[in-house]
Amino acid sequence: MSFLFAALTVAMLLCAFLAFRARHLIVSALWLAGCSAILSILMYLLGAYWIAVIELSVGAGLVTVLFVFAISIAGDESAEFRSSIPRPIALIISLVSIILLGFMTISSLIALPPATEATFSEVLWQQRGLDMLVQSGLLFAAVVGILGLLSEAKVPVEEKKTAPAKELQAGRPVVKPATAAAREAKA
Amino acid sequence: MTTLQIAVIGVLGLIGIGLYGLLIARNLIKVIVALQVLVKGALLALVAAGLASGKLNLGQSLAVMVIVVDTVVAVIGLALALQVKRRMGTLDIKDLSTLKK
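These protein sequence lines are chains H and W, in that order.
Using my numbering, you'd call the opening residue of the first sequence number 1 and step up by one each time.
Using my numbering, you'd call the opening residue of the second sequence number 1 and step up by one each time.
What the hints contain is simulated information worked out from the structure, not anything from laboratory work.
Owing to the predicted nature of the structure, the values given are computational and were not obtained by experimental measurement.
All clues given are correct.
Derived list of chain W stretches under chain H, where covered just means 3 residues or more per stretch with a C-beta under 8 Å from a C-beta of chain H:
{"#": "1", "region": "1 to 8"}
{"#": "2", "region": "12 to 26"}
{"#": "3", "region": "39 to 51"}
{"#": "4", "region": "55 to 62"}
{"#": "5", "region": "72 to 79"}
{"#": "6", "region": "82 to 94"}
Where is the CB? At the ideal position from N, CA and C, for every residue including glycine.
Whole structure, please, built from the sequences with the hints as guidance.
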């Protein structure tokens with residue numbers, strides 16, 4: 001059990017490292033999906049069955065589909081492994097963070113016996129009911145935000161600039177077009 | 001070595017890799033990938049903490065919240081990256097910086 005857990009942990013870390021080490025973005029998304037899948041197995045082995053299922057379906061499924069969709073639109077440009085700050089500094093910052101975090105957690109890690117706890121559904125819907133409400137609002141806000149971000153406003157620039165000028169030169173009042181295409185252009 | 005200790009080592013590894021990736025990534029989509037790795041470390045930490053304190057269901061319910069927020073962040077981040085690609089033609093963070101001009 002412990003050996004299997006350790007092997008899966010190493011595989012997960014390897015997938016995570018290769019996820020941003022990969023040259024192509026699509027390969028990076030696939031490594032991330034592998035990392036999510038192994039993480040869900042680890043959670044299942046830890047006894048967190050509900051969260052393992054959710055992580056497998058959302059983390060390895062939905063998010064990967066979103067990544068592939070976005071990369072297919074944006075184009076799979078080969079992202080070279082260039083760094084925005086010097087790599088030794090980034091490595092030192094990461095290592096210091098890990099060492100501090102590990103020093104604080106591993107030394108005081110004592111597994112307590114399982115306390116008498118309510119079931120998962122009771123905890124989720126009754127004790128953490130406010131969280132669920134916040135999540136619902138967050139999802140709606142995200143949907144509205146996505147619709148706003150992904151909507152394309154195609155404004156016919158030349159027509160819009162030239163048509164009123166011609167009308168004014170001819171001495172006629174500018175009549176705004178009321179067609180559906182014009183309404184879309186205005187939007 | 002117990003399972004819990006191995007899980008904490010996995011948490012540290014994921015957080016370290018995510019932080020390192022976040023610091024050195026220049027591609028916007030790579031930044032989101034690094035954020036995802038970082039959040040996966042937080043997820044495993046929540047489950048491990050729930051297991052250690054004997055309140056696994058509480059840890060799971062908090063992890064559900066983290067998964068939802070993480071997914072929303074990924075979706076909005078990808079949508080923003082697409083808009084940046086359409087308008088600027090690049091995903092490189094250094095090319096997007098207009099402060100130096």
